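Q: For reference, the chains in residue letters:
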Amino acid sequence: MHSMDHKKQIKRFVLENFLFTDDENALANGDSLIQKGIVDSTGMLELISHLEETCAIKVQNEEMIPANFDSIDAIGAFVARKLAA
Amino acid sequence: MRSLSSRLEQHALSAPDRRAIAEGARRIDYGTLWAQACAFAAFLKTSGITPGDRVALILNNGIEAVVACYGSWLAEAVVVPLNAQARARDLEPWLRHCDARCVVHAHDHADALGVLEALDTSILRVSVGAANSGSRNMDWQEAVATPGTLDAPQVEPDALAMILYTSGTTGAPKGVMLSHANLAANVDSITEYLELTRDDSIVTVLPFYYSYGQSVLHTHLASGAFLVIEQNLVFPHLMVETLAREKVSGFSGVPSTFLLLLNRVPLGDYDLSSLRYLTQAGGGMAPAVANRLREAIPQARLFIMYGQTEATARLAWLPPHMLDAKSGAVGLAIPGVELQVRNEAGQVCAAFEVGEVFARGPNVMLGYWRNPEATASVLIDGWLKTGDMGHTDTDGYLYLSGRRSDMIKTGAHRVHPKDVEEVLAELPGVGEVAVIGVDDDTLGQIIKAVIVRAPAADLSELRIKAHCRERLAAYKIPKIITFADALPKTASGKIRRSELQQQEAS
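Protein chains in written order, with my numbering: chain A, 1 to 85; chain B, 1001 to 1506.
Next comes chain A alone, as it looks inside the complex (with noise of 0.2 Å):
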């Protein structure tokens, strides 16, 4: 899957999961997920898991940061680093 790819499909995620919705606009890439309140501590720990499943690939504890996971465009960073790895 392309990094585009990935980062529409966490969107996606996100949308369904912790704004019960799909639509696009009502997350922007860049807004924080924790300072809006859209992710707690369990839901980090679902989409963490979700990232593992779907991108193949395996958080580490010290990359639980929030510069990782803010954003959507954190995390498609993030998981795009992961794959080049």
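Everything labelled a hint here was simulated from the structure, so no lab data went into it. The model shown is predicted, which means the values in this text are computed figures rather than measured ones. Using N, Cα and C, we set each Cβ at its ideal position, and we do this for glycine too. Among the hints, erroneous ones may be present.
[Said to hold, decoys possible] Listing some non-contacts, in silico: residues in chain A with all C-beta distances to chain B over 10 Å:
(1) K8
(2) K11
(3) E52
(4) R81
[To be verified] So these bits of chain B aren't anywhere near chain A, every CB distance computed over 12 Å:
(5) T1166
(6) N1263
(7) D1269
(8) R1342
[As the list claims (entries may be wrong)] Label pairs and their in silico Cβ distance ranges:
(9) D1381(B) with N61(A): 51 to 59 Å
(10) E1338(B) with G30(A): 51 to 59 Å
(11) A1454(B) with A85(A): 47 to 55 Å
(12) G30(A) with G1148(B): 39 to 47 Å
(13) A85(A) with I1480(B): 31 to 39 Å
(14) G1382(B) with N61(A): 46 to 54 Å
(15) E1195(B) with G30(A): 42 to 50 Å
(16) H50(A) with V1348(B): 53 to 61 Å
Given the structure of chain A, go ahead and fit chain B onto it with the hints provided.
A: For chain B alone, kept in the frame of chain A given last:
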């Protein structure tokens, strides 16, 4: 009685450079905290806020929330910390009910902004976090730059200090009225059994708009201790890194907080040797979890505690050395408080006889704000009827066994099923609905909605959750939604929630 603001003043005068609060990269010492609180008080006074006026806060945990609280007290106003996660449908009735004369809110809190537009324009608004965003909005930075120094006012012990709303808005809101004496008494009791001193420090993630978070804040400030504010537990290992980095002596949480740390963080990889005390309240902690926690952080004393907002925060504590001997107990009454378990006839129960817990002490609230009926139903002959069921053993240790009400405890939050049911019932296509709490390994309980669809209604789970998200705080949205043909009811048509609960358990 020594008011909480006079205690803060004392630390500010005797040790102004002592660190008081850290929030991310921001730090504030006692001298600056006091100066900002004085400035905010001066701002309130010059803006026409008079003693007894309500100042509502719609803020996440942060330095501003603390300054606004103590500043309001210095202006002899009443602080009303509102749940910053709440949506407009709760915020508006709360603001109306408490008749707020000033609202301090995050500049980008969309629901707060919307509600303020709809409310009385004479309400003084203070916006935190961005430059002045309109003529009717005062900027926080300007407010705390108001010139003014003062001594802590001599407050009447029984004067109202704070209103904490404990429920949503189905029916009349319940705003717990706490006096300055209530707050001071509970701080004294807790400080005594935790043996807090100015050398203590704590990481706190508990919201200040709940009584537990308030209690952690005020006990530590009154001791001259240091508080490190963490905003959330989204990344539990970052919280543990903070505990290790700041070498704090204390940490407070609800059962789910400790479960997150135990299950998701290799605690042995961190140097947590500075931790002296851990406190737990907000729901029962399974003895197995308490044991895991003690194994993971063996030198820290674990304090199991019990209380409720109506008692300021705390009613009972289990001395750490009794944790094994009294496994499962919430302990003994805190200093200054009396506890009784009473049967249906109102008589004090014998040991091991289950009844309802009653409490008496200087921490028991004045009543519910502008709700004499609700007040009369729980304050009876000087005693607080807690709604919690339990028994004592022959040594007087209290064990809890559920509540009379249907309230759901999920993580650090309390949710009244009716608040969620009311929102769901507004969705076209929902015929009938019942909301219950079902057991969850981490959160204690999660919210489940059982829905009977109206004839020919086409309702998806996604549609239902989207409807809830528009109207409810995220933690109130049902995690599980099931559809049923009918709900179990009594002969008079009342939903049998307990039967749904039993179906769930079987």
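Q: State for each hint whether it applies.
A: Verification of the hints:
1. Non-interface call for K8(A) relative to chain B: holds, since the shortest CB-CB distance, roughly 18 Å, exceeds 10 Å.
2. In this structure K11(A) is separated from chain B by more than 10 Å, as the shortest Cβ-Cβ distance comes to about 16 Å.
3. Residue-level check passed: E52(A) sits 15 Å from the nearest beta carbon of chain B, beyond 10 Å.
4. Interface exclusion of R81(A) from chain B stands, the closest Cβ pair being 18 Å apart, more than 10 Å.
5. Against chain A, the non-interface label of T1166(B) holds: every CB pair exceeds 12 Å, the least being about 21 Å.
6. Against the 12 Å criterion, N1263(B) falls within the reach of chain A, whose nearest CB is about 10 Å from its own CB.
7. Listed as a non-interface residue, D1269(B) fails to keep its Cβ farther than 12 Å from every Cβ of chain A; the least gap is roughly 9 Å.
8. Look at R1342(B): its CB is around 38 Å from the nearest CB on chain A, clear of 12 Å, so calling it non-interface holds up.
9. As the Cβ distance of D1381(B) to N61(A) is approximately 55 Å, the hint placing it in 51 to 59 Å holds.
10. Look at E1338(B) against G30(A): about 56 Å separates their beta carbons, and that is inside 51 to 59 Å.
11. For the pair A1454(B) and A85(A), the supplied restraint of 47 to 55 Å holds, since their beta-carbon distance comes to about 53 Å.
12. Evaluation of the 39 to 47 Å hint for G30(A) and G1148(B) yields a pass: the beta carbon distance comes to about 41 Å.
13. Checking the proposed 31 to 39 Å range against A85(A) and I1480(B) shows it holds: the Cβ atoms sit about 38 Å from each other.
14. The hint said 46 to 54 Å for the Cβ distance between G1382(B) and N61(A), and at roughly 53 Å that hint holds.
15. In this structure the supplied range 42 to 50 Å holds for E1195(B) paired with G30(A), their Cβ-Cβ distance being about 47 Å.
16. Checked against the hint of 53 to 61 Å, the pair H50(A) and V1348(B) passes, with Cβ atoms roughly 54 Å apart.
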